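In order, the protein sequences belong to chains G and H.
With numbering that gives the first Met the number 0 applied, the first sequence covers 0 to 188.
With numbering that gives the first Met the number 0 applied, the second sequence covers 0 to 188.
Treat each hint with caution, since some may be false.
Intra- or inter-copy, both count: the list cannot distinguish identical chains.
Stated by the list, open to error - Listed next, the in silico SDA-like pairs over lysine to any residue satisfying Cα-Cα at most 20 angstroms (straight line):
#  : residue 1 : residue 2
1  : LYS70     : PHE122
2  : LYS70     : ARG152
3  : LYS70     : ASP51
4  : LYS70     : ILE27
5  : LYS70     : GLN84
6  : LYS70     : ARG15
7  : LYS70     : ARG164
8  : LYS70     : GLU87
9  : LYS70     : LEU158
10 : LYS70     : PHE184
11 : LYS70     : PRO160
12 : LYS70     : ASN168
13 : LYS70     : HIS169
Derived from the structure by calculation, the hints contain no laboratory data.
The structure presented is a predicted model; accordingly, all values stated were derived computationally and were not measured.
Protein chains: 2
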Amino acid sequence: MSDVYCALVHYPVRDREGQVATAAVTNIDVHDIARSSHTFGLSGMFVVSPIDAQRALVARILEHWRMGAGKRRMPHRSEALAICQPAESLELVRQQIEQRHGRAVRVITTAARSDLGLPISRFSELRARLAESSEPWLIVFGTGHGLADEVLRASDVLLEPIRGRGDYNHLSVRAAAAIVFDRLFGAHD
Amino acid sequence: MSDVYCALVHYPVRDREGQVATAAVTNIDVHDIARSSHTFGLSGMFVVSPIDAQRALVARILEHWRMGAGKRRMPHRSEALAICQPAESLELVRQQIEQRHGRAVRVITTAARSDLGLPISRFSELRARLAESSEPWLIVFGTGHGLADEVLRASDVLLEPIRGRGDYNHLSVRAAAAIVFDRLFGAHD
Numbered sequence: 000m001s002d003v004y005c006a007l008v009h010y011p012v013r014d015r016e017g018q019v020a021t022a023a024v025t026n027i028d029v030h031d032i033a034r035s036s037h038t039f040g041l042s043g044m045f046v047v048s049p050i051d052a053q054r055a056l057v058a059r060i061l062e063h064w065r066m067g068a069g070k071r072r073m074p075h076r077s078e079a080l081a082i083c084q085p086a087e088s089l090e091l092v093r094q095q096i097e098q099r100h101g102r103a104v105r106v107i108t109t110a111a112r113s114d115l116g117l118p119i120s121r122f123s124e125l126r127a128r129l130a131e132s133s134e135p136w137l138i139v140f141g142t143g144h145g146l147a148d149e150v151l152r153a154s155d156v157l158l159e160p161i162r163g164r165g166d167y168n169h170l171s172v173r174a175a176a177a178i179v180f181d182r183l184f185g186a187h188d
Numbered sequence: 000m001s002d003v004y005c006a007l008v009h010y011p012v013r014d015r016e017g018q019v020a021t022a023a024v025t026n027i028d029v030h031d032i033a034r035s036s037h038t039f040g041l042s043g044m045f046v047v048s049p050i051d052a053q054r055a056l057v058a059r060i061l062e063h064w065r066m067g068a069g070k071r072r073m074p075h076r077s078e079a080l081a082i083c084q085p086a087e088s089l090e091l092v093r094q095q096i097e098q099r100h101g102r103a104v105r106v107i108t109t110a111a112r113s114d115l116g117l118p119i120s121r122f123s124e125l126r127a128r129l130a131e132s133s134e135p136w137l138i139v140f141g142t143g144h145g146l147a148d149e150v151l152r153a154s155d156v157l158l159e160p161i162r163g164r165g166d167y168n169h170l171s172v173r174a175a176a177a178i179v180f181d182r183l184f185g186a187h188d
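Put together the whole structure using the sequences plus the hints.
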């Protein structure tokens, strides 16, 4: 398996009206997605916010679980959060991965919407592609009401929306990330 | 598809030492699992706690999103939480479903552990069985450190653990529920 990273993006995302906005960091997103990332073998997770105080909050969450009382109480959570770090922008995440691997990173985005007019990749196609790849990859998740169009348009792969049953499709980013990792990397029958 | 329900159980569950305990209700579990349940076409979700004050908390959360300011701000969340209700015990959940359908409900449990010596069902087997079934089913998730052994032993079907990559398997109950629903009911390629 190639090195796959994920980024949980708080800017640029859409707000309720579809305008570009900055979302606040939610404590439980950081734990949940770190645990899911580590379970499915990802190499790292970035929590992206341009706001200094928000990145400081992420650093405090990580410190609590990695070194503080949280580590003694929940060592498994400490292990998962070891792969997590704050970042100021997606561009800096990309640069950091490219410096580590000495080659370009391929960016995957996900969106619940399917009205963008962009080519989409099926999960099965991307799963096969990742299994054979030696490049580093970055899967980008949006908080708020999803990633801004500019992020989707700039990505190398736009994944098809997760479909359940019927038209309702309002999974939390925590649930969506878990399902995306499972579909791409899970050990199925 | 037959009618499938889920229950998020706060008693009896295991604590860190593996002892039977009562876990506290977490606000975000209720939203997340209701949204995942509704996305994957479940007929209902029960939040099980024997503690009156905890069920009252669940009722307040539901009221906020169904009728209060939450509904105006997030109508999609209101729709998902309409399928959710508090319940005092798993036995009462079972009785309620059986009264509604006039026949026995089959109970599915999930556990990250595989050391129980019980026969386990693979996801693919259960998916096929559910697709052909006309009985009501109930999928039971444990909070805390997972369902107490007595619940696992009394169930009709024990699902295999979700496997990612490697040995780490400490998904949140929110992530685990999302993956279980997707593996059983998701529209895959």
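Right, here's what the structure says about each hint:
{"no.": "1", "hint": "LYS70 x PHE122", "verdict": "neither (35 angstroms within a copy, 33 angstroms between copies)"}
{"no.": "2", "hint": "LYS70 x ARG152", "verdict": "neither (40 angstroms within a copy, 32 angstroms between copies)"}
{"no.": "3", "hint": "LYS70 x ASP51", "verdict": "neither (25 angstroms within a copy, 32 angstroms between copies)"}
{"no.": "4", "hint": "LYS70 x ILE27", "verdict": "within (16 angstroms within a copy, 22 angstroms between copies)"}
{"no.": "5", "hint": "LYS70 x GLN84", "verdict": "within (17 angstroms within a copy, 34 angstroms between copies)"}
{"no.": "6", "hint": "LYS70 x ARG15", "verdict": "between (37 angstroms within a copy, 13 angstroms between copies)"}
{"no.": "7", "hint": "LYS70 x ARG164", "verdict": "neither (39 angstroms within a copy, 23 angstroms between copies)"}
{"no.": "8", "hint": "LYS70 x GLU87", "verdict": "neither (26 angstroms within a copy, 33 angstroms between copies)"}
{"no.": "9", "hint": "LYS70 x LEU158", "verdict": "neither (35 angstroms within a copy, 30 angstroms between copies)"}
{"no.": "10", "hint": "LYS70 x PHE184", "verdict": "neither (27 angstroms within a copy, 36 angstroms between copies)"}
{"no.": "11", "hint": "LYS70 x PRO160", "verdict": "neither (36 angstroms within a copy, 25 angstroms between copies)"}
{"no.": "12", "hint": "LYS70 x ASN168", "verdict": "between (35 angstroms within a copy, 17 angstroms between copies)"}
{"no.": "13", "hint": "LYS70 x HIS169", "verdict": "between (33 angstroms within a copy, 14 angstroms between copies)"}
The structure does not agree with the numbered hints 1, 2, 3, 7, 8, 9, 10 and 11 stated previously, though it agrees with the rest.
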